[in-house]
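Undergrad: Sequence:
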Amino acid sequence: MVGRRILQVELRRPDLRTPFPRRFAQRLAGATTVALTRRAKYLLAALSSGESLLMHLGMSGSFRVTATDATATHDHVVFHLSSGSAVVFNDPRRFGFMDLARTDRLDRHPALKGLGPEPLSEAFDAGALARACAGKRTPLKSALLDQQVVAGLGNIYAVEALHIAGLSPQRQASTIATAGGEPRDSARALASAIKQVLAEAIDRQTSARYRAGRFRVYDREREPCRRPRCRGVIRRRTQAGRSTFYCPVCQR
DNA sequence: ATTGAGACCTGTCGGC
DNA sequence: TGCCGACAGGTCTCAA
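Take 1 as the starting number for the first sequence in the working numbering and just add one per residue.
Please note: incorrect hints may appear among the correct ones.
[Stated by the list, open to error] Simulated pairs of lysine to aspartate or glutamate, EDC-like, Cα-Cα distance not exceeding 16 Å:
1. K195 x D125
2. K195 x D107
3. K41 x D125
[What the hints assert, rightly or not] Each pair of labels, with its calculated beta carbon distance range:
4. T18 x A70: 41 to 49 Å
5. R231 x T175: 23 to 31 Å
6. R4 x G232: 29 to 37 Å
7. S62 x R4: 13 to 21 Å
8. E182 x A70: 55 to 63 Å
9. S62 x R204: 15 to 23 Å
10. R5 x D185: 26 to 34 Å
Derived from the structure by calculation, the hints contain no laboratory data.
Glycine included, each C-beta is placed from N, C-alpha and C at the ideal position.
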């Protein structure tokens, strides 16, 4: 999309999770994509019009680039580009999201304004994690899914990071908080586990389509723990409505 | 103010 | 084969 002009936008329905903004297709038509970036799980396309397109895949959304006009079920938005190809947004569950906002005010957009630090940035470290968890009575796993604590971490990698760090998902979040100025070892372990698991995932592009059994704990209920010499068996439980997987032996 | 439950929507899978 | 419930990678709103 970068450097291409959006000739025309086809909207196949009035909404995804929320209605498309007013005059959505018209505001995009004629604009050139200047840059594609990301914040948390939001994709951001800065346009020559001075507006930015915010996009979120939700649970089941995907984009494909195509040269043909063939359309599939759940194709909701088609961007026709000056290159001759089209970018198609497909989303069966329609938990996806799109909106337009002025680029110079993007950080004030409701979807972006409360977000915590990017996990792979220098701003996110043991100290930042410890401070964000201070006073939180919620379980540590729930705290990791709180986008104000760390931006863009989802259910799979929250659970994976806790296993790497050897921390129980049920532990109260405040127990990893700062102890007299210095972050605890647990906060150091967890912050670096988050960075590690995300860096690995990006490296292998595993998130693009997850395959069962490739994770340390996620989706491995009743299977053996993969930590060397640990004899534990992975358990599953529900926390705040989401599935948590963990090893009761090596995660404390 | 935090926190958890429920809602949003469709598809898939396992059990009967 | 078919029906039914459980569950799915996210986020928002609402009521304790």
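Undergrad: Given the hint of 41 to 49 Å, is the C-beta distance from T18 to A70 inside that range or not?
TA: violated, 28 Å
Undergrad: Between the beta carbons of E182 and A70, is the distance compatible with 55 to 63 Å?
TA: holds, 59 Å
Undergrad: If you check the beta carbons of R5 and D185, does the distance land in 26 to 34 Å?
TA: violated, 53 Å
Undergrad: Starting from the hint 13 to 21 Å, judge whether the C-beta atoms of S62 and R4 obey it.
TA: Because 20 Å falls inside the window, the suggested range holds.
Undergrad: Okay, R231 versus T175 on CB: inside 23 to 31 Å?
TA: Holds - the Cβ-Cβ distance for R231 and T175, about 25 Å, lies within 23 to 31 Å.
Undergrad: Hint check: K41 vs D125, CA-CA at most 16 Å. Holds or violated?
TA: violated, 20 Å
Undergrad: A range of 15 to 23 Å was offered for this pair. Does it hold for the Cβ distance of S62 and R204?
TA: holds, 18 Å
Undergrad: For K195 and D125, compute the direct alpha-carbon distance and say whether it is at most 16 Å.
TA: Roughly 9 Å separates the two Cα atoms, so the pair holds.
Undergrad: Holds or violated: 29 to 37 Å for the Cβ distance of R4 and G232?
TA: violated, 51 Å
Undergrad: Compare the distance between the alpha carbons of K195 and D107 with 16 Å, and conclude whether the hinted pair is satisfied.
TA: Violated, at about 24 Å.
Violation of the numbered hints given earlier is confined to hints 2, 3, 4, 6 and 10; the remaining hints are satisfied by the structure.
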